[in-house]
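Going by my numbering, 22 is the number at position 22 of the sequence shown; the sequence numbering is gapless.
Source of the hints: derived by calculation from the structure; they are not laboratory data. One thing to keep in mind: the hints can contain errors.
[Stated by the list, open to error] Taking lysine-lysine pairs in the PhoX-like style, the calculated list, with each CA pair at most 20 Å apart, reads:
#1 93 - 7
#2 7 - 116
#3 116 - 93
#4 123 - 47
#5 116 - 47
#6 116 - 22
#7 7 - 47
#8 5 - 47
#9 93 - 47
#10 93 - 5
[Stated by the list, open to error] Computed Cβ-Cβ distance ranges for the label pairs, DEER-style:
#11 30 - 81: 29 to 39 Å
#12 137 - 102: 42 to 52 Å
#13 89 - 21: 27 to 37 Å
#14 137 - 75: 11 to 21 Å
#15 113 - 64: 27 to 37 Å
#16 54 - 136: 12 to 22 Å
Here the structure is a predicted model, which means the values were calculated and not measured. In this text, a Cβ means the ideal position worked out from N, Cα and C, and glycines have one as well.
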Amino acid sequence: MNIDKFKHQHIDILSDIATLRKLVQTGIAPAASAIAARIVSMSGVIKLHLAVEDRVLYPALEASGDAELARLSRQFQGEMEGIAASYLAFAAKWNTPRLLEQQPEVFRAEANQVLKTLYERMKREDREFYPAIEAASAMPMAA
């Protein structure tokens with residue numbers, strides 16, 4: 001299975017997180033419009049990524065006939081449900097400048113928590129999940 005598109009989406013999302021971090025460092029209230037716009041655009045990429053994982057990646061791994069990949073698929077999908085829900089709630093709350101300007105420190109605290117969890121999860125996928133998929137895909141099928 002070719003997982004390059006998933007890796008590229010991770011790169012895009014990680015880049016968005018880095019951009020958000022830089023914007024926050026310049027000042028949340030003055031950068032509120034840019035922060036809100038980045039959250040909206042990043043959410044589109046994340047939603048697409050999650051949908052493709054749910055509709056393509058996880059079902060393909062379940063149907064692969066490889067018990068270990070199927071187990072990993074269920075584990076990673078199950079873990080992602082809570083992370084995705086937290087991110088989507090965060091994005092829905094902070095996608096307009098007004099609240100960012102009114103509650104910058106609340107945003108900072110929530111962003112640190114939610115984005116750190118999302119970042120760590122993607123790095124774990126890059127380190128553990130995707131290499132396992134690639135290794136299994138590279139193995140010749142038993143006769």
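Structure-based check of all given hints:
At most 20 Å may separate the alpha-carbon atoms for a hinted pair to count; residue 93 and residue 7 exceed this at roughly 27 Å. A C-alpha spacing of about 18 Å is found between residue 7 and residue 116, which places the hinted pair at or below 20 Å, so the restraint holds. Restraint check for residue 116 and residue 93: satisfied, since their Cα atoms lie roughly 17 Å apart, inside the 20 Å limit. Simply put, residue 123 and residue 47 have alpha-carbon atoms about 18 Å apart, close enough for the 20 Å limit, and the pair holds.
For the proposed pair residue 116 and residue 47, the alpha carbon gap of about 18 Å is at most 20 Å, so the pair holds. As the CA atoms of residue 116 and residue 22 are separated by approximately 15 Å, the hinted pair is consistent with the 20 Å bound. For the suggested pair residue 7 and residue 47, the alpha carbons sit about 15 Å apart, so the restraint of at most 20 Å is met. With a C-alpha separation of about 14 Å, the suggested pairing of residue 5 with residue 47 holds against the 20 Å cut-off.
Proposed proximity of residue 93 and residue 47 is supported: the alpha carbons are some 16 Å apart, at most 20 Å. This hinted pair does not check out: residue 93 and residue 5 have alpha carbons roughly 29 Å apart, beyond 20 Å. In this structure, residue 30 and residue 81 meet the distance hint of 29 to 39 Å, their C-beta atoms being roughly 36 Å apart. Between residue 137 and residue 102, the C-beta spacing of about 49 Å keeps the proposed range 42 to 52 Å intact.
Under the hint 27 to 37 Å, the C-beta atoms of residue 89 and residue 21, about 20 Å apart, miss the expected range. Distance hint check for residue 137 and residue 75: the Cβ-Cβ separation is about 18 Å, which falls inside the suggested range of 11 to 21 Å. At roughly 34 Å, the beta-carbon separation of residue 113 and residue 64 lies within the given 27 to 37 Å, and the hint holds. For residue 54 and residue 136, the hinted distance range of 12 to 22 Å is satisfied, since their beta carbons lie about 20 Å from each other.
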